[in-house]
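Starting from the known structure of chain A, arrange chain B on it as the hints suggest.
Given next are the chains, with one letter for each unit.
Number of protein chains: 2
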Amino acid sequence: MSYAIGVDLGGTNLRIAAVEERGTLLEKVTLGTQVQRGREYVVGQMTDAIRHVTTKYQDHGKLIGIGIGVPGFIDMDTGTVRESPNLPGWSNYPVHKDIESRLGTKVILENDANAAAMGEKWLGAGRDTDDMVMYTLGTGVGGGIIMAGRLWHGMNGMAGELGHHTVLPDGHICGCGNHGCLEQYASATAVVRMAREAVANGLSDALANASRNDVEFSSKVIYQLAIQGDKAAQEIFNTVGHSIGIAVANMVNALNFPMYVIGGGVASAWDAFHNPMMEEVRKRSFIYRVTAPEAVAAGQKRTIVTRALLGGDAGLFGAARLPMVVNGESSAPAAQSKADTPVAGTR
Amino acid sequence: MSYAIGVDLGGTNLRIAAVEERGTLLEKVTLGTQVQRGREYVVGQMTDAIRHVTTKYQDHGKLIGIGIGVPGFIDMDTGTVRESPNLPGWSNYPVHKDIESRLGTKVILENDANAAAMGEKWLGAGRDTDDMVMYTLGTGVGGGIIMAGRLWHGMNGMAGELGHHTVLPDGHICGCGNHGCLEQYASATAVVRMAREAVANGLSDALANASRNDVEFSSKVIYQLAIQGDKAAQEIFNTVGHSIGIAVANMVNALNFPMYVIGGGVASAWDAFHNPMMEEVRKRSFIYRVTAPEAVAAGQKRTIVTRALLGGDAGLFGAARLPMVVNGESSAPAAQSKADTPVAGTR
Numbered sequence: 001m002s003y004a005i006g007v008d009l010g011g012t013n014l015r016i017a018a019v020e021e022r023g024t025l026l027e028k029v030t031l032g033t034q035v036q037r038g039r040e041y042v043v044g045q046m047t048d049a050i051r052h053v054t055t056k057y058q059d060h061g062k063l064i065g066i067g068i069g070v071p072g073f074i075d076m077d078t079g080t081v082r083e084s085p086n087l088p089g090w091s092n093y094p095v096h097k098d099i100e101s102r103l104g105t106k107v108i109l110e111n112d113a114n115a116a117a118m119g120e121k122w123l124g125a126g127r128d129t130d131d132m133v134m135y136t137l138g139t140g141v142g143g144g145i146i147m148a149g150r151l152w153h154g155m156n157g158m159a160g161e162l163g164h165h166t167v168l169p170d171g172h173i174c175g176c177g178n179h180g181c182l183e184q185y186a187s188a189t190a191v192v193r194m195a196r197e198a199v200a201n202g203l204s205d206a207l208a209n210a211s212r213n214d215v216e217f218s219s220k221v222i223y224q225l226a227i228q229g230d231k232a233a234q235e236i237f238n239t240v241g242h243s244i245g246i247a248v249a250n251m252v253n254a255l256n257f258p259m260y261v262i263g264g265g266v267a268s269a270w271d272a273f274h275n276p277m278m279e280e281v282r283k284r285s286f287i288y289r290v291t292a293p294e295a296v297a298a299g300q301k302r303t304i305v306t307r308a309l310l311g312g313d314a315g316l317f318g319a320a321r322l323p324m325v326v327n328g329e330s331s332a333p334a335a336q337s338k339a340d341t342p343v344a345g346t347r
Numbered sequence: 001m002s003y004a005i006g007v008d009l010g011g012t013n014l015r016i017a018a019v020e021e022r023g024t025l026l027e028k029v030t031l032g033t034q035v036q037r038g039r040e041y042v043v044g045q046m047t048d049a050i051r052h053v054t055t056k057y058q059d060h061g062k063l064i065g066i067g068i069g070v071p072g073f074i075d076m077d078t079g080t081v082r083e084s085p086n087l088p089g090w091s092n093y094p095v096h097k098d099i100e101s102r103l104g105t106k107v108i109l110e111n112d113a114n115a116a117a118m119g120e121k122w123l124g125a126g127r128d129t130d131d132m133v134m135y136t137l138g139t140g141v142g143g144g145i146i147m148a149g150r151l152w153h154g155m156n157g158m159a160g161e162l163g164h165h166t167v168l169p170d171g172h173i174c175g176c177g178n179h180g181c182l183e184q185y186a187s188a189t190a191v192v193r194m195a196r197e198a199v200a201n202g203l204s205d206a207l208a209n210a211s212r213n214d215v216e217f218s219s220k221v222i223y224q225l226a227i228q229g230d231k232a233a234q235e236i237f238n239t240v241g242h243s244i245g246i247a248v249a250n251m252v253n254a255l256n257f258p259m260y261v262i263g264g265g266v267a268s269a270w271d272a273f274h275n276p277m278m279e280e281v282r283k284r285s286f287i288y289r290v291t292a293p294e295a296v297a298a299g300q301k302r303t304i305v306t307r308a309l310l311g312g313d314a315g316l317f318g319a320a321r322l323p324m325v326v327n328g329e330s331s332a333p334a335a336q337s338k339a340d341t342p343v344a345g346t347r
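Chains A and B, in that order, are what the protein sequence lines are. Take the first sequence: its position 117, counted from the start at 1, is 117 in my numbering, and no numbers get skipped. Take the second sequence: its position 45, counted from the start at 1, is 45 in my numbering, and no numbers get skipped.
Incorrect hints may have been included.
All copies of an identical chain are treated as equivalent in the list; a pair is satisfied when it fits inside any one copy or across any two copies.
[Unchecked claim] Here are the simulated EDC-like pairs of lysine to aspartate or glutamate, each with C-alpha atoms no more than 20 Å apart in a straight line: (1) Lys301 x Glu83; (2) Lys106 x Asp59; (3) Lys283 x Glu83; (4) Lys62 x Glu27; (5) Lys106 x Asp48; (6) Lys301 x Asp75; (7) Lys62 x Glu21; (8) Lys301 x Asp77.
It is worth saying that the hints were derived from the structure and are not from the lab.
Chain A on its own, in the form it takes in the complex (with noise of 0.2 Å):
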């Protein structure tokens, strides 16, 4: 059978999957992302477990294609990476066709917020809805929007830039330059400033000792103290939720679809902020409250917030669906069926 090849090349690792069109894992291989020696170095040890793996599997099937998912804003138009703060050295450099050179096939770059969305949409959350939203709630927030099966990447293939809606007007400063952005509020590294300001503040013993004591304070270590009753930890994942909660409520509004998915490394903390996010959707969106689960009949086109559900695997797939799904043609049989949502002006 057919397969693609997926890569999620992060900041910290550097991850390569093998997978068929049916959406069955052959083989992943993960590798520290050695950023600080080059993107020369980094490209050598991507083109280097690309090669391995197509060669094993070359009695497979017809190798599709090879999708990347970076950080980053791509140019669609010339399949660079126009900036990217975790990958220094990668600006406008033609990542898309020096690979398609090395390696003889067809290459695909995307931005990773908008592979994991391509991944809940094939094989996650997202796989019986045409329409949705995608939150990827990591080191920083990103975003993905799915329209009518396919991704939206706007006019500069900038669409999706999530983590930058406003939801605080004179919140935290971000570092694109506003003031409460959603990714100020939810994100993993949020999430550990929060901790440090409720620690300065003398809020919290037991987080206090965590963060003298875990060599890695993380969102982790903050939410497991929040599980447990600590106080002033709950309060970190209530202001998580709210501020989700305030973002999706805004999309609710202005897109009326099906589907909003949390993902993302924060989404593992889903029951410590699955409330408070919630609370304000329903509370923001009369759309959500008229077409919420519980308010209407089984069948009836039902709003969904929900849980990503390939966890730090949908980038992945994501990426390797990317060169299966060009000019919009599918070749998987189950997740494109579904068109719910009319899109023409009259009906």
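Coordinates of chain B only, in the frame set by chain A:
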């Protein structure tokens, strides 16, 4: 030449226009909507006026159909008004079928803000773009999203509820149950409310005089005081601008569309709120910053935030447009040609 009838059914006026398919107005009729006399009376007014117009132009060309813009939610599946606070007695009434049977021609129902977006896309600010967001700042704040040349309805026909975008999480309470909706800061109603608050706080003698002496203490009067230099009135339009700016920035970040159009009565105060609006858009959207007209070379893809061009006629022309674009086919030559936004998941 073929023509269509557009109907703009508001709480105050009922307007009917006959418009040729190239966009030329044949005739426009304005009647007071006698809502208090009941639905049957208003439908009678409407069908009488339409019959008068169609009889007059029966030798002019083929009647393509009738489009009706109404305030409130439209159930796209059944063609009924789902809820309309300004038109009591219209809920769940099959307007579309009733009028079709009375007049014997195709009738298409649409939310009034969507119809306005359609009008601006056809003949106004958005005529050279296929993707735009429109805000209608009137008694309330409505919105319409045009994507790939067509209205985006969402799964229940409720998309584009941009007046209920949260711009200030703990802000003024809204009729929808939320706090801090755009509508609470950028509608004509909100302008008057903020002016009354300023009067109550003793902030402006001029506003106090106007509120006592003018039969109608309207957003227009408050705008006049603002341009005459009244600080409190200016501050109100600063708030209008900051609020729209936050909302627009969020949409730019999500959709990366080329155009955002501000229409409705309050848009007449453009010079009083334009600067604070653009200040927010610039601050809160780096997508805007890198694609602003002043940031890109001539001919490059730009993000335009602009005023609507058709004034109060946007909804009327848009309604007439509806029957012309059923099933997405268009008979207009000029407007629907440019498609510079890639929709494909890959390039």
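20 Å Cα threshold - placement of Asp48 relative to Lys106: So Lys106 and Asp48 pass the 20 Å test inside one copy only (16 Å; across, 63 Å).
What label fits Lys301 with Asp75 when the C-alpha limit is 20 Å: within, between, both, or neither? Answer is between; shortest inter-copy Cα gap is 12 Å, intra-copy 36 Å.
Between Lys106 and Asp59, at a C-alpha cutoff of 20 Å, which is it: within one copy, between copies, both, or neither? within (19 Å within a copy, 59 Å between copies)
Between Lys301 and Glu83, at a C-alpha cutoff of 20 Å, which is it: within one copy, between copies, both, or neither? Between copies only: 18 Å across chains, 39 Å inside a chain, cut-off 20 Å.
Can you tell me if Lys62 and Glu27 fall within 20 Å by alpha carbon in one copy, between copies, both or neither? Intra 15 Å, inter 63 Å, cutoff 20 Å: intra-copy only.
Alpha-carbon proximity context of Lys301 and Asp77, limit 20 Å: Between. Shortest inter-copy distance 12 Å satisfies the 20 Å Cα cut-off; intra-copy 36 Å does not.
Status of Glu21 relative to Lys62 across identical chains (alpha carbons, at most 20 Å): within (10 Å within a copy, 51 Å between copies)
Pop the pair Lys283 and Glu83 into one bin, within, between, both or neither, using alpha-carbon distances up to 20 Å. Between copies only: 19 Å across, 37 Å inside.
Taken one by one, the earlier hints all hold for this structure without exception.
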